[in-house]
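Novice: The lines below spell out each chain.
Number of protein chains: 2
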Amino acid sequence: MTSTDGVGLVETRTARLFDSEEPLRLAHGATLAPVEVAYETYGTLSPGRDNAVFICHALTGDAHAAGFHAGAARPGWWDNLIGPGRPLDTDRLYVVCANLLGGCQGTTGPSSVDPKTGRAYGLAFPLLDMSDFVTVHRALLAHLGIEKLLAAFGGSLGGMQVLEWALTHPEDMRHAVVIAASSRLSAQNIAFNAVAREAITRDPGFSAGQYVAEGTLPDRGLSIARMMAHITYLSEEAMADKFGRTPQLGEFEHGFGADFAVESYLRHQGESFLERFDALSYLYLTRVMDYFDPFSRAHATDAAAASGVRFLLTSFTSDWRFSSLHSRRIVRHLEHARIPVTYRDIETAGGHDSFLLEIEPYHETIRAYVDRALEEL
Amino acid sequence: MTSTDGVGLVETRTARLFDSEEPLRLAHGATLAPVEVAYETYGTLSPGRDNAVFICHALTGDAHAAGFHAGAARPGWWDNLIGPGRPLDTDRLYVVCANLLGGCQGTTGPSSVDPKTGRAYGLAFPLLDMSDFVTVHRALLAHLGIEKLLAAFGGSLGGMQVLEWALTHPEDMRHAVVIAASSRLSAQNIAFNAVAREAITRDPGFSAGQYVAEGTLPDRGLSIARMMAHITYLSEEAMADKFGRTPQLGEFEHGFGADFAVESYLRHQGESFLERFDALSYLYLTRVMDYFDPFSRAHATDAAAASGVRFLLTSFTSDWRFSSLHSRRIVRHLEHARIPVTYRDIETAGGHDSFLLEIEPYHETIRAYVDRALEEL
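Respectively, the protein sequence lines represent chains A and B.
Heads up: take any position in the first sequence, counting from 1, add 239, and you land on my numbering.
Heads up: take any position in the second sequence, counting from 1, add 239, and you land on my numbering.
Think of the hints as simulated: they come from the structure by calculation, not from any bench.
Do not rely on the hints blindly, as some may be mistaken.
[As the list claims (entries may be wrong)] Here are some chain B residues the structure puts well away from chain A; computed CB gaps all over 10 Å: (1) T270; (2) R413; (3) S446; (4) R571; (5) E599; (6) P600; (7) A607.
[Unchecked claim] Partial selection, computed: residues in chain B whose CB lies under 8 Å from chain A: (8) I429; (9) A430; (10) E437; (11) I463; (12) G494; (13) F495; (14) Y530; (15) D532.
For glycine and all other residues, C-beta sits at the position ideal for the given N, C-alpha and C.
Put together the whole structure using the sequences plus the hints.
Specialist: The following block contains the structure:
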């Protein structure tokens with residue numbers, strides 16, 4: 240049923256948006272200009288420009304959602320979902336994915352060079368809000384000539400962005416698909432983010448955020464943050480199935496090395512993360528998640544209720560980072576406002592990272608939802 | 240029902256055990272001599288020497304389980320359980336609590352001075368095994384003239400030590416009380432320990448374990464380890480009840496400070512931990528937990544089954560560090576060997592730290608069990 244070919248060779252492009260005449264105005268009052276936005280597209284925009292879907296990525300994701308970069312061994316992070324014949328069928332859809340503001344993979348972020356000073360913004364980069372991600376991606380869509388999305392999709396932080404977008408600019412989309420997300424982090428969620436940030440900022444290599452200029456890197460702290468976070472992305476059951484108490488080298492060496500397979504795996508996760516992620520982006524993006532609480536706003540659902548936007552919410556039974564309760568809370572808020580919402584709690588042991596996995600009932604849910612959305616056009 | 244007076248003023252004493260003639264022989268082959276052991280006692284040993292109970296403490300505990308040290312504002316860590324009229328009633332029991340081998344609060348550990356070199360052992364300290372804790376505490380009991388305990392009690396790591404002791408030397412006790420413990424850490428448990436150790440050993444202040452001699456301290460790493468571990472000691476519900484999303488200062492400042500109350504709390508936990516705990520002890524003791532797997536040994540339960548020792552197992556429904564499944568696994572092993580075991584799963588939102596709290600059904604379970612044990616003498 241699924242094509243094995245995928246979208247093939249792809250490239251990340253960059254759009255330069257906003258300028259000093261019309262800078263990006265952030266929720267907390269600061270302005271930025273210009274703003275570079277890295278994005279990729281798959282499939283073909285229909286003559287009626289009504290088949291575009293936008294992908295909002297998770298905390299450590301990027302614009303490269305599908306296909307292969309030249310010479311790469313691994314495809315984009317959501318390649319199992321996006322492609323010809325796949326649930327997000329690029330024979331019928333025009334798929335856009337963009338790196339978010341504050342990120343480190345092509346879109347302007349805290350480690351980008353501040354044109355005013357000629358060096359990295361560092362901690363002088365303004366604090367961001369979920370709505371700022373939306374503002375930048377709306378500007379990208381305008382740049383691409385897309386007025387209305389068939390749907391926006393996102394998992395985890397990406398799902399939170401979709402929720403923000405659909406609540407504040409529901410006219411931009413017919414459907415909002417919010418996967419393994421939350422409308423308000425719990426104290427435990429915030430606590431894990433806080434410890435990750437402490438690990439980064441207490442690393443002497445952090446150099447008060449000017450580590451690029453100083454030639455230091457907070458690699459120790461960033462890898463500790465990643466290792467800890469990674470534990471929360473997997474369920475206890477999935478970790479038990481994958482690693483159990485298996486020795487890394489056939490038998491135990493009894494010492495402080497990576498003697499258990501799970502230790503070796505985590506170290507590898509921590510190390511490989513350093514090649515692709517920036518410590519300041521980690522700080523800024525997790526902080527956006529902490530403060531996000533859209534339903535606390537007055538009239539939070541009024542615009543969406545009046546617009547006709549419809550929601551699909553999906554959670555995973557073994558997700559303990561954003562448990563099903565987080566999705567159910569969103570569903571309750573939407574239902575209370577009489578906003579059409581479909582909800583699926585997918586039975587799986589995969590934990591939070593399930594949103595990245597090819598789990599059949601999950602992919603079939605997405606496929607069926609997209610098929611119906613296309614039929615109803 | 241509970242006396243408010245407690246055991247009053249107490250002092251930690253030190254026993255010097257083992258010597259170069261008869262050194263402590265560790266499970267992995269190394270020897271240590273001498274070994275200092277810090278301990279406290281509460282109540283009076285009966286003429287028949289049959290009313291002694293031994294308290295095994297948790298990872299970051301110490302010998303000071305009850306009463307007040309001179310000038311101290313806070314009592315020992317299990318003061319709500321131990322004292323006149325309390326579940327461990329010191330009007331009837333003689334209670335002994337000792338710091339464990341590898342610890343940092345009076346008992347020989349990796350930051351103790353190696354008599355051979357005149358400086359701290361550091362990473363030259365031998366790797367420990369759960370059975371080594373038992374060996375040292377058995378020597379202390381012999382030193383105190385106690386041949387057989389009425390019971391050994393322990394929560395978390397302390398419960399694991401009680402389990403080891405009761406399986407390998409069941410003749411030492413009539414009852415083994417194992418609270419919120421595990422007979423084998425899960426991959427997730429090991430993962431959290433591993434990241435905590437990485438945070439410590441990657442801190443430049445760790446100085447390859449010679450931080451005392453070098454005049455550096457791995458304070459950043461140790462406090463990160465503590466903050467992360469602390470999240471696992473509380474349930475998500477308990478954290479939500481205690482902190483929710485409450486701003487620390489009445490309203491949000493929107494920045495990277497400790498803006499949420501839960502962040503401020505964790506920072507405080509991380510800082511105050513530095514005053515009382517040693518980074519090397521954290522490494523050595525968590526590693527003992529990782530490797531512990533007593534039921535994997537051949538004939539693991541034979542001695543206990545033949546001895547008449549009885550078990551009480553207690554878990555807490557909201558404990559996700561060592562969930563009830565860990566206790567149920569121990570119960571299954573014991574029942575399979577026809578060893579008498581009583582099991583209580585206490586309904587509470589308190590998480591793993593419930594074993595330290597005055598939760599009525601928990602304390603009443605302990606009280607009733609102790610009363611019956613005394614009656615049956």
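Novice: Now, for every hint given, state plainly whether the structure supports it.
Specialist: Each hint tested on the structure:
| no. | hint | in the structure |
| --- | --- | --- |
| 1 | T270 | holds (17 Å) |
| 2 | R413 | holds (32 Å) |
| 3 | S446 | holds (14 Å) |
| 4 | R571 | holds (17 Å) |
| 5 | E599 | holds (25 Å) |
| 6 | P600 | holds (25 Å) |
| 7 | A607 | holds (32 Å) |
| 8 | I429 | holds (5 Å) |
| 9 | A430 | holds (5 Å) |
| 10 | E437 | holds (6 Å) |
| 11 | I463 | holds (5 Å) |
| 12 | G494 | holds (6 Å) |
| 13 | F495 | holds (6 Å) |
| 14 | Y530 | holds (7 Å) |
| 15 | D532 | holds (7 Å) |
Hint violations for this structure: none, all hints satisfied.
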